[in-house]
Amino acid sequence: MKKKGSAGVAVVSPKKTRKYVIKYKSFYIMFIPVILFTLVFHYLPLFGLGYAFTEFRGIKDPEFIGLENFTRMFSSQGFLNAFGNTLKLSIVKLILNTGLAVIISLMLNEIKSLKFKKTTQTIIYLPHFMSWVVTASVFTLILSPSQEGLVNALLVNLGILDKGQEIYFLGSKKWWTPMFYVINMWKDTGWGTIIFLATLSGISPELYEAATMDGAGRWAQMRFITMPALANTIITVLILNLAKVMNLFESVFVLQNTAVIQQADVLQTYIYTQTFNSGALPNYGYTTAVGVVKSLVGCVLVLLCNYLSKKVRGRGII
Amino acid sequence: MAQEMIVKNKKKRKIKPFSVINGIIFIIICFFTIVPIWKVLIDSLDLYTSYGMRLWPKRFGLDGYITVFSNSTLYRPLLVSVITTLAGTVLGLLLSTLGGYVLIQWKMPGRNILAGLLLFTMIFSGGMIPTYLVVKNLGLTNTLLSVILLPAINVYNLVLMRNFFEGIPNALFEAAEIDGCSPFQTFYKIVLPLSKAALASIGLMFAVAYWNDYTNFKLYITNADLYNFQMKLRSLILGSDLPTALGSATENTVKNAAVMVAIIPFMFIYPFCQKYFISGINIGAVKE
Chain A
1 MKKKGSAGVA VVSPKKTRKY VIKYKSFYIM FIPVILFTLV FHYLPLFGLG YAFTEFRGIK
61 DPEFIGLENF TRMFSSQGFL NAFGNTLKLS IVKLILNTGL AVIISLMLNE IKSLKFKKTT
121 QTIIYLPHFM SWVVTASVFT LILSPSQEGL VNALLVNLGI LDKGQEIYFL GSKKWWTPMF
181 YVINMWKDTG WGTIIFLATL SGISPELYEA ATMDGAGRWA QMRFITMPAL ANTIITVLIL
241 NLAKVMNLFE SVFVLQNTAV IQQADVLQTY IYTQTFNSGA LPNYGYTTAV GVVKSLVGCV
301 LVLLCNYLSK KVRGRGII
Chain B
1 MAQEMIVKNK KKRKIKPFSV INGIIFIIIC FFTIVPIWKV LIDSLDLYTS YGMRLWPKRF
61 GLDGYITVFS NSTLYRPLLV SVITTLAGTV LGLLLSTLGG YVLIQWKMPG RNILAGLLLF
121 TMIFSGGMIP TYLVVKNLGL TNTLLSVILL PAINVYNLVL MRNFFEGIPN ALFEAAEIDG
181 CSPFQTFYKI VLPLSKAALA SIGLMFAVAY WNDYTNFKLY ITNADLYNFQ MKLRSLILGS
241 DLPTALGSAT ENTVKNAAVM VAIIPFMFIY PFCQKYFISG INIGAVKE
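Protein chains in written order, with my numbering: chain A, 1 to 318; chain B, 1 to 288.
Just so you know, these hints were derived from the structure itself, not from any lab.
Built from N, CA and C at the ideal position, the CB exists for glycine as well.
Incorrect hints may have been included.
[Unchecked claim] In silico negatives: residues of chain B with every beta carbon more than 10 Å from chain A:
hint	residue
1	L47
2	P57
3	P109
4	G139
5	E166
6	I168
7	A175
8	A176
9	S195
10	A224
11	M231
[Unchecked claim] With a cut-off of at most 27 Å between alpha-carbon atoms, the simulated BS3-like pairs for lysine-lysine come out as follows:
hint	chain 1	residue 1	chain 2	residue 2
12	A	K118	B	K196
13	B	K275	B	K196
14	A	K23	B	K107
15	B	K189	B	K275
16	A	K173	A	K244
17	B	K107	A	K118
18	A	K117	B	K275
19	B	K16	A	K244
20	A	K23	B	K58
21	A	K174	A	K88
22	A	K163	B	K58
23	A	K112	B	K275
24	A	K163	A	K88
25	A	K174	A	K163
26	A	K93	A	K174
27	B	K58	A	K118
Excised from the complex, chain A in its bound form (with noise of 0.2 Å):
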């Protein structure tokens, strides 16, 4: 019997190696373009890293300088905040969405009618797949503090604002942030549905009836049998969207404005406008250095969440 490697492959000799290598030459073949396209985007970038330690502007070769992108960067106030705001934003989103979607969740699976939840489930999936450059005209549109804006029109004919005293919602410091959160709740909270569903339809059905037996009302089952059977579903989501934390760019990118760079900086926004909006040359040495940062935190992130995921449901996610 041959013995597995721990990874999986049958250890063997550098002969029998030279044979299997002869006999799956065509599926190395199949894999060059694959491998051209992972190591020419993913991997040349990688070379890159090193400008984070020079100064470079794109006309001149760059010019080493060590730390001092790095300590430029700690003590700069746009970084710091941008640092900040990446964290808030996608962790409080997160929490709202996971949490909206699975109430969401329970409350349809509570529904009997197939047909009504069918198309319950058609629509709420909807905003899904529209583009964060829509969504965000949609809502630029409805949230317009002029007349032709939904919110403001309806607050006005209530009575509530007088005319004249429209809100900005998305140039206003006070609105921004909380209208972002609305917003991705609107957009991905019905999609987010699908995979608690899809863990809810597989509880047997022989449970519920046991516990009716045995005199369970509706709450202790969805206490006792329902919630039990989620959780392991809702840390699995929050553990794989943790580590995307540090990604967040289109949703707030189209959102901000800047009347609320303070609220709406995060750092792949910092680097964009660092980079092509700063209205001198562009500092690639610098803006890689932020790069350098916030990919480093994201890795961490990402092996932080792998190891919780491995000790919670026994596998990585990677």
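Given the coordinates of chain A, assemble chain B onto it according to the supplied hints.
Quick look at chain B alone, frame taken from chain A:
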């Protein structure tokens, strides 16, 4: 027997108010989901200059849409979107299926090294600027190649594909080998035809990503002739370059019509393909 009936009846009556409230809550949730889209749809069809809350356009007219489709600065981006979506989806599927197929060859020497090489990209990346510099140095900025090639290699989708291929019974591969099929023949005569559902669902994921792509265009394309529809829509909404509205369409009607044009293609296929979209999630969730 009679007692049981009574008990059952009692239960039914007990459940009812809860179900009604639950139903009402969902009608409200659906309402809030739909309202923003409905508002845009109505305004895109309304030629009346003052807007408010209306269930139906006051002065119905298609002039907003006519403006979008007759103005070359608007239909050109639409064409760019169609081209990148089609090319990108085909390329993305090609790379995912080839990669997925090779990754299920557990006995292939070096298989784990290759898999590790792919998975590492999910943990650590060079980030926005080094990637930008690579694309720039390759001379791909301001060509559609950059926005087609870059998103085509998607390790997550590749792993989904591999998970699906793993479900194909081994006996089929063995039978194919005995019948003298080369690995490539096995790939397109057995693996691909058996994976239509996965191809549909991962193909749709790619298509949505390409159609909705804004970030890559924003980074790599500065030539306005190569903008896709998302880019155009964005500058339209920001009000930086409004086309002259045709007929009696107002500025706002054109904006709303442009938003609708960006949504409509997926609104049309979505109800028919919903199960493929969802199965994509579940391939990822059920297996790793």
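Which earlier hints turn out false for this structure, listed by number in ascending order? 3, 11, 17, 19, 20, 24, 27
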